[in-house]
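Participant: Each chain, letter by letter, is given below.
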Amino acid sequence: MKIRLIKIPRKTNVVVMGVLFQFLFSNALLAKGVGVDSPSLATEKKPVAQQIIVSGTITSSEDKLPVPGVTVAVKGNPKLVVVTDFDGNYKISLPSSDAVLVFSSIGFKTIEKKVGSQTIINIVMSSDQTNLEEVVVVGFGTQKKASVIGAISQTTGKVLQRTGGVSSLGAALTGNLPGISTLQTTGKPGEEDPQIIIRGVSSWNNSSPLILVDGIEREISSVDITSVETVSVLKDASATAVYGVRGANGVILITTKRGVEGKAKIDFGFNSVMKTASKLPGKYDAYDALLIKNRVIEYELNQRPDSWAYIRPQSFIDNYRNQTTQEQRERYPNIDWQDFMFKDFAMTHNANLNITGGTDKVKYFAAVDYLHEGDLVDLIPNGKGFDSGYALNRLNSRANLDFQLSKTTTLKVNLAGSYSQKQQPWRVISEGYLWQGAYTLPPDVYYPKYSDGAWGYHPLNQVQGANSAMNLTMGGAEYITTTRITSDFNLKQDLGKFIKGLSANVTFSLDNTFLENQRGANNQNFTVYEKWIDPLTGIPVLRNAPDGLTGFDFYESSDWTINGGLMDNGQTRRNLTYQAQLFYGRQFGDHNVTAMGNLQRQELAHIAVLGDLPSYREDWIFRATYDYKSKYFAEYSGAYNGTEKFASANRFGFFNSGTVGWVISKEKFMSKLTFLDNLKVRASYGTIGDDSANARFLYFDQYGNGITRPRLTTTEGETSSAYGWFTQTSIGNPNIGWENVTKKNFGVEFSIFDKLFSGSVDIFNDYRTDILMAGSDRAMPSYFGFTPPRVNLGAMEVNGYEFELHFSKRINNDVRLWADFALTHAKDRVIFRDDPGLLPDYMKREGYALRQGRYMIDQGFYNTWDELYGSPAFETNDSKIPGNYRIMDYNGDGIINQDTDRVRYGYPSNPQNTYNATLGVDWKGFSAMVQFYGVNNVMRSVPISTFSLAYFNNVFEEGTYWSKDNTNADSPVPRLNNTLNGDSWGTRYLYDGSYIRLKNAEIAYNFTSNWVKSIGLESLRVYANGNNLFLWTKTPDDREVDNGGIAYPTVRRVNLGFRLTL
Amino acid sequence: MKIYNKIILYCGLFFFLAGSTSSCTDYLDVAPASLVNPEDAYKNFVNFQGFTEELYNCVPSFCNRDDNNFFNNGEEEMWQQNATNQGAWIWQVDLGNYWSWQRGGFGNGGSFLDQNTDNFSTDNNKRSKSLWVGAWYGIRRANIGLANIDKMVDATPEEKNIIAGQLYFFRAWFHMHLITYWGGMPYIDYVLPSDEPLRLPRLTYQQTADKIAEDFQKAYELLPGNWDAVPAGQATVNKNELRINKWMAIAYLGKNYLYAGSPLMNLSSGGADAYNAEYCKKAADAFGILLQASETGACQYSLIPWSKYSENYMTNGQGGRMPGTATVNNVVYNEAIFRGPNWGGTDQSTNKQYLCAGGVLQDRSWSQYATANYVNYFGMDTGLPINSVSKADVPGDQGSTYDVHYPWKNRDPRFYINFGFDTQKMVNSTAAAAKNFVYANLYTGGNYRAANTGSNTGYLMMKFNPLGFNKYDNAYNRHQVHTAWMRLADVYLMYAESVAMGYNNINATSTTFSQNAVYAINKVRNRVILPNGNPLPGVAPIFLTSVESFMSEVRRERAVELAYEGHRFNDLRRWRLLIKSPYNVKTGISFDRAIPETNNATPTFNFLDKNVPQNNRIENLREYVVWQRNFTERHYWLPLKRGDANLYPEFAQNPGW
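Protein chains in written order, with the numbering used here: chain A, 12 to 1073; chain B, 206 to 862.
Please note: incorrect hints may appear among the correct ones.
Claimed, not checked - Computed footprint of chain B on chain A, listed as stretches where at least three residues anywhere in the stretch have a Cβ under 8 angstroms from a Cβ of chain B:
1) 64–70
2) 176–186
3) 652–662
4) 893–905
5) 958–969
6) 1022–1036
As the list claims (entries may be wrong) - 27 angstroms max Cα-Cα, derived DSS-like pairs, lysine-lysine:
7) K640(B) with K542(A)
8) K679(A) with K155(A)
9) K935(A) with K838(A)
10) K640(B) with K460(A)
11) K838(A) with K755(A)
12) K416(B) with K486(B)
13) K508(A) with K418(A)
14) K630(B) with K542(A)
Please keep in mind that the hints were generated in silico from the structure rather than gathered at the bench.
Every residue, glycine too, gets a C-beta built ideally from N, C-alpha and C.
Start from the sequences and build out the full structure, keeping to the hints where you can.
Facilitator: Below you can see the structure in the form of structure tokens.
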């Protein structure tokens, strides 16, 4: 039985990594040493007779500053090369005055100059922005931007570094890449990666895009932002077809930085981030809450006389204000829980160091990144000897090496390691016990910790009244360590000797992830003194009973234990991928042709997800492109994918796409329109498959044995029968096959007035059929008796458009203004989902957005008893009072039914529109930038209601309450004692989830003047930036998804940092 | 030259890799040895019994499934306001919102009829069980087993019969419990295919019951009476109490017929709103076989003597032993006939859900309390009901000694086992924290009756939690509550009902058992021993004058003997009484003590008798309605799931839903 992949002991891995790193750093130092010895840094060659010495300074046209590192070469004589020094000076000996000097540097336009009689040649180089952006990372390769005809957005690591101290790369993508939207749920350190959706949701199985780091499927959290060179998002069929089945939800390609030839360049950055909790629901204090409660009691007294038990006189309520003694504070607690539980701010630190450089034989990029994410939770000292709370400490390292083995052979080796340690309370059963305070706990529920050391508890409800402060403090500390080691080996051989333009490429990659948990202080079963003081009587109620056997008083046991940690073998993950690629690219006059073929196999072992058997994948991939005069483009690409999930007849699927593009602006008839720099139209059409149903081997019946045994015994200690089990664990469907997505995309790109404005518009449609339908979702009668097999049944569609506009204006040499706008609209609709045939249309899922909820519809208040009596009754005996919502009897049967009067309403929970706007200004060394990000057409249900329990006094800021004089109120009067179920609230807690954020803002200054150099630096950049600084929304808190209840608050960050280059 | 070598090397490598993929389908094939071979499951007795025993884990433990268990959905208990925050099924039943038996209904439900939060599984997790899902699952498994029974080649005929008998039993048992709540169903007796539309029509209740009877009959014929006595049972000797035998099959055959012959089922199958005599006779014959065997000692089942009566449903200090049997003077008495498996202790479950919550006796947010109307079924120690109208605040008549000033005096001994009442000692501990709660202050205004924490009916339910089972005394010692699905006392009472209604004569006997209905009910009554050592008298002569008046005592006896064991709701339904007065109200009592308590904070317990609480006089006894169920005809059946009832017209929703 094959279970493990190549088994490399962990220690060996560490040793190998260590050796490689040492090699790396020593190499880096070596390179630096050379630089010190020869100040010109030139690879000086022996002077030839009759030499002419030419020197000069090279400055940049933009900032008039000298440009170091410019290559000065003699045309036709590759051996005669020098490089400018820090001050942009060069000196070169030439054999004769006929020579032509070629000045070139990345990012600048290459200049050629005949020497003639000159001995000093000063050059002003102008930047070549287009060149920089020229290359776009596409699937299995790169393409020149001008020739890209797929829907691809790309951003750079530099842009992502401006996101204000965000440590999650996924979160940093928000707003920087048109077409993707992110949904953030929690601010918990180490878990801030948002859900990413590219161009809407077109399947209920899986909406996550494929994320590749350096071409291999990896977790986005395994990369730190400073190591990122580019991030590409592939959106249409043309771009994703090469990924076949895995690209159906779009693809995110993350490319890490690589070494650049030259002296070792050391780059050090440091960020110091202050973060504070973002928006949390507003609550009234105890005094106000009790006053409102009295009003509520008066309001419902007629219906519920028993509510009178909760009425409190003003003299009693006054106790919650103007308190002078601790005794008062404890008997009449008035706690601002949000303030109590969270610090004013928490600190996060990040330091990173990059070294890059190399020779023509070896180039290297090495990086180390350390991150400490602090915790917002303000812990009360627990006196136990351990510190509870949350934290994330992460150390990432990376070495990307390029070896030029021969003229035609290159070897790339990427080694990356990540060691992250997350701290959290020990084995939390339910998040609700921890965060109730931040959301729903009433201000007067109890004093969090009484002066006698007893913790507060509420005798009536220890679930909804759980003491968050106590649970966070006493909950112990678990350290979860994730160790990731990823390695890629890529060998590229130019086969031009055989066939011109042909090259071959072999990649081998092995990733290992290890997870250790249950290390730390286990205080899971803590018992502490808990009490509650009845504010009416002042009598304390103790939770802890005396010992049942001896009658002794309760005592706090101190039975927390130190755990040494367990390797979670189920979470150990090994991913082995190998690829072999042939590439052919050649120009025949005006005809440009490329062709690429690739075979890839993947073997993934991950017991917790896949079980004992590793999973396998096999993909055959090809792409052919053609263009004529860079004016007419055509591309055809596809993949032949295999999956273990389907029977051999359906196992391989062929998915392909075709694209055409036309650069109209290059046509002669357009040449009169001089303002037009570029106008390109492109269209793509193709199909992509998907097999992402969360199960394996869908095609045959599976049996299990010995899984479990019944307790067929009357003695409790005996846990098993004598007979081991045999049972069918799943029913297979031999005909199961691929989901198919047909993707259509039409785009226009333009650029006018010398790139003053540029942008693009894309219109797209994804039509997905044969969606894998889990057996439990099928319209099968219960009497089938088991989960039916999966079938290809569903259909969905997403329609949308994207719009991008860039503006860039250089006012003079010192000032540049720029702005980017982008808008994405994606609207999904279920076309078929096997709804039961007799279900009325409005109860079906067909025809509605996938994530659109079903709600009771309210039609304003009934303001009088007459209107109340005229309203339909609830199915259950609910006591209605004027001022409640009139709920729509949607099916008109005269009764409000819990199920049949619930209709799909409003927008789905994923936003249909996302937009962002970035404005920036550069002035000499200064730069400033603000980025706004917003979404709309989205709904969020946040059911946190006032007086959720009759004896709890939690009152949220809900605007005005109904009264007979204010029939246009924001909310009905809350209720205390009622038999109303949630239906009567209609859409009260359904919020318009639209928001606009000041997502990022930055002010930075680049020191390039002499004093920076005088302290030995090449450049220094200091900056202040922030993330999520302001939020405009109608929702009571700042979260984008409700993942069941309540969570660690999301955060807002302000960051001070610097980056220096040596 | 070197470079060319390299080129050749790498090209060779590339083509080797590419070429090796000619076997690409193999690469994605799953290694066969890594999977379980289905044929193994059926080849011999050991494996096939392993396959069959999964069916036992399809039976939910209705009294021990969640933190609160709602298996008494008749008029026997009342919930507290806090139940509404948790969407308790018992509250939703009282509202008439039967929809919430279904998963995804309002709140977390807590009904054992459908899954709650955990998905169904036959693992050893008590929360992952439910009747609706487990029964259909079990039926499919039984059909798979029966379809493969011929693959059992390495087995004796007896072993084959035992496997088949269990499979038939469970197929019938699951169908029977489904139709009990949801009415007639298609009888699934083959493995349903997954690749064609399933359009089986619903049968009537009696049509389904006939099919069920066939399977129970087969099981009766195939199974041994006692596994311990046959070779196949030797692997698990002395651990076979829960395994299905022929007596279980015959008892359920009888129950199936009695239900099919009951008024509700008869009416909904197109018959009259009355008992169906034919089914009742068949029921009496089936029960008679078991009772005859029991009385002659031919089977292992007999009534547990009074001294160990509580071991029918509860054990404590016995290492968590499952109740249902008891040993008295070295004789083992098996009263429980059919019990499902139990998964773990009862912590935070039935052992606490009935005692005063909110810090009085337990730290729980709410409790369930015995209703006064139900307490009133518990008659006098003379065998008479408390009064003709069964009202707490009406003095006794018909010769009963019921006294409204001493309402708890001289009652049926089972009264004292089931209920806690005013001035009863509830706590043994002398701890200061317990001081206020030592005696049940259940009078109006007493601290056992506070709004959110105390009883809202004036009684406490103590059947599962007698004195000491509170947070101060902490007398829990592997406390185990597990009520049987069927026990012998139930069979006696069902026999009494079926033979009386089958022959319309209380003196008739079945063809299989020579005793009549009166004998059967008195057998259960006389087991109860009064403090003076005499047995509790049988049915009083005034109720032996007609079948109708006799039936009122049968109903009362079922209420008393089987109280809180999950039978009442179905009994009221099948008798077609559920929606009728007085069965649709839940009542409580209010009263004052003759010697009022003077200082609540430091109680002096100014009542006369601290040891015999029923001797303390009360005044102003008043019975009031706590809850009235506004039920209509539709509330006799639970609604089917919408996903099922909307598939095709022949699988129609139950009327009114």
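Participant: Now tell me, hint by hint, if it's right for this structure.
Facilitator: Going down the list of hints, with the structure as the test:
Requiring three or more residues with a Cβ within less than 8 angstroms of a Cβ of chain B, the coverage given for the segment 64–70 of chain A is violated, as only 0 such residues are present. A count of 0 residues in the segment 176–186 of chain A with a Cβ less than 8 angstroms from any Cβ of chain B is obtained; the coverage claim is therefore unmet, three being the minimum. Check result for the segment 652–662 of chain A against chain B: holds, 5 residues qualifying (beta carbon to beta carbon below 8 angstroms, three or more required). Three residues within the 8 angstroms Cβ limit are the bar, and the segment 893–905 of chain A against chain B gives 0, so the coverage statement is violated.
Using a Cβ-Cβ cut-off of 8 angstroms, 4 residues of the segment 958–969 of chain A lie near chain B, which meets the minimum of three, so the contact claim holds. Taking a C-beta to C-beta cut-off of 8 angstroms, the segment 1022–1036 of chain A contributes 0 residues in contact with chain B, too few for the three needed, and the coverage statement is violated. A threshold of 27 angstroms between alpha carbons decides the hint, and for K640(B) with K542(A) the separation of about 17 angstroms falls inside it, so the pair holds. For the hint linking K679(A) to K155(A), the alpha-carbon distance of about 23 angstroms falls within 27 angstroms, and the restraint holds.
As the CA atoms of K935(A) and K838(A) are separated by approximately 43 angstroms, the hinted pair breaks the 27 angstroms bound. Taking the CA atoms of K640(B) and K460(A), the gap is about 26 angstroms. The hint holds against a cut of 27 angstroms. For a cut-off of 27 angstroms, the pair hint linking K838(A) to K755(A) stands: about 15 angstroms separates their Cα positions. Our distance criterion of 27 angstroms between C-alpha atoms is met by K416(B) and K486(B), whose separation comes to about 17 angstroms.
Distance hint between K508(A) and K418(A) is fulfilled; the C-alpha atoms sit about 12 angstroms from each other, no more than 27 angstroms. At most 27 angstroms may separate the alpha-carbon atoms for a hinted pair to count; K630(B) and K542(A) meet this at roughly 26 angstroms.
The structure does not agree with the numbered hints 1, 2, 4, 6, 9 stated previously, though it agrees with the rest.
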